[in-house]
Every structure is written in structure tokens, then in C-alpha cells.
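Engineer: Listed here are the chains, written in short residue letters.
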Amino acid sequence: DSGVTQTPKHLITATGQRVTLRCSPRSGDLSVYWYQQSLDQGLQFLIQYYNGEERAKGNILERFSAQQFPDLHSELNLSSLELGDSALYFCASSEGTSGPDEQFFGPGTRLTVL
Amino acid sequence: AQSVSQHNHHVILSEAASLELGCNYSYGGTVNLFWYVQYPGQHLQLLLKYFSGDPLVKGIKGFEAEFIKSKFSFNLRKPSVQWSDTAEYFCAVNHQAGTALIFGKGTTLSVSS
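Protein chains in written order, with this note's numbering: chain E, 1 to 114; chain R, 1001 to 1113.
Keep in mind the hints are simulated off the structure, nothing from the lab. It is possible that some hints are incorrect.
Quick list of simulated restraints, FRET-style, between CB atoms [what the hints assert, rightly or not]:
id	chain 1	residue 1	chain 2	residue 2	range
1	E	T15	R	S1070	43 to 51 Å
2	E	S79	R	G1022	18 to 26 Å
3	R	E1066	E	N51	30 to 38 Å
4	R	G1041	E	G3	12 to 20 Å
5	R	Y1039	E	T7	18 to 26 Å
6	R	Q1096	E	S79	41 to 49 Å
7	R	S1014	E	T13	40 to 48 Å
8	R	S1070	E	D71	23 to 31 Å
Keep in mind it's a predicted model, so treat the numbers as computed, not measured. All residues carry an ideal CB built from backbone N, CA and C; glycine is no exception.
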């Protein structure tokens, strides 16, 4: 158990819908990262938050957005869903300090868009 | 842009065989290097990491990796694999602590008993 929790574990929805994925980082970690894992694209970085502020953006679509709340949990919002958004979405957290740090991954949310 | 290449897409070994998975990255500056493992149906777990110092890094479960700066490589090794090592292995890099990881496409390892 990495200490990072994600809910829900599975999500099945239809095209055009909107879903919210939730992540709680390890206690004390200030940085939260969202990654998407799909068969064709592999593991890709979407977005990072640090202590409530957006820090970096990767290959995140405009239909996707995220936020980090004062209690440091984060939510990833996916809207106008398409079949191609079906993937495993991982959240990771790290201390986010300037020293060497490692990212701890949650169990993921498997999203299926029908 | 940074990228990570894992040369082997699928490796099939018998128990007790030795393992070496290749990983090359493209980035000219200082990098932090990682190997993660994903067992079937589970999340990514860190096997080992390199930040600085001794280029030969030992990780969990008997795995080790060697950082060769001149070759931009960070290959993963294990002298004798077990059936329980069946999993997908990802090499990853970031250029600075606290930044996103760039992952390779992964290598699926299948170990037969």
C-alpha cells in the first residue's frame, strides 16, 4: 500500500458524459500528479499540483481539468467524454521538496467510456 | 523534449534465468532515473531509483540497475528471475526533483516456472 488512495476504482460511463476522479495523497505530500495509461499512448503525464497551485501541465486535453483542495486531495474532471478517453488514470504524490523525491502511485481508476 | 526508450516490448524467460531490460533516455542535463514495476491488476511500485552517486543502484526484490551516463542508459538487471517477477516494468526519468516523470512504453516480463 503506497498511502495514495483513489476513488472510484472503476467507472463506466457513456460518451458525452462528465466524470470526476478523486485522489488523496500520502500524508505530508504536497505534490499531486495525474497520469493516464492507455494501450496506445502508454503512461503519460497530465497535470501536477503543488500545495493547491497548478505547477505543470503535460498532455492534458482542454476537456480535462483538475484542482487541488486545501486538504491537498485532488480531483480530475473529464468532460465531453469520448471512446478514446477510456484508460487507467493514476494519481501519484510526492513531498515536492527541492531534494530528491520519489512519486508514490495510487491504485488507479479504470475509466471505460461506452 | 525528453523521451525514454525501452528496447524490449515483451521478454519471456524461464525461472532462474538472468534478466536485463534496456532503458535509454534523451536528455543532456542532470537526470533522476527510476524503474517501476506493475504487477497484474496493481499499481506502480518503485523498484529502484538513481539521483546521484554510485551508478550501480540496488533496489528491492534483488533488482539492480546501472547508470551509464555516456550511453544515456539505465538498464535493469536481476541475476535469477522468479515466476513472481512476471509483471510490466517501466523506466522513467525526470530532470529535477518535484517534476513529472517521463515514462518508457514498458516491458512485459513473463516468467515460466
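Engineer: Run every hint past the structure and note whether it holds.
Structural biologist: Hints versus structure:
The given range of 43 to 51 Å is respected by T15/E and S1070/R, whose C-beta atoms sit roughly 49 Å from each other. Checked against the hint of 18 to 26 Å, the C-beta distance between S79/E and G1022/R comes to roughly 39 Å, which is inconsistent with it. Range check, E1066/R to N51/E: Cβ separation about 36 Å, and the 30 to 38 Å hint holds. Hint check: G1041/R to G3/E, Cβ distance near 19 Å, so the stated range 12 to 20 Å holds.
Taking 18 to 26 Å as the suggested C-beta distance range, the pair Y1039/R and T7/E conforms, at roughly 21 Å. Distance hint check: the CB atoms of Q1096/R and S79/E are about 31 Å apart, inconsistent with the given range 41 to 49 Å. For S1014/R and T13/E, the hinted distance range of 40 to 48 Å is satisfied, since their beta carbons lie about 43 Å from each other. At roughly 46 Å, the beta-carbon separation of S1070/R and D71/E lies outside the given 23 to 31 Å, and the hint is violated.
Hint check: violations occur at hints 2, 6, 8; the rest are consistent with the structure.
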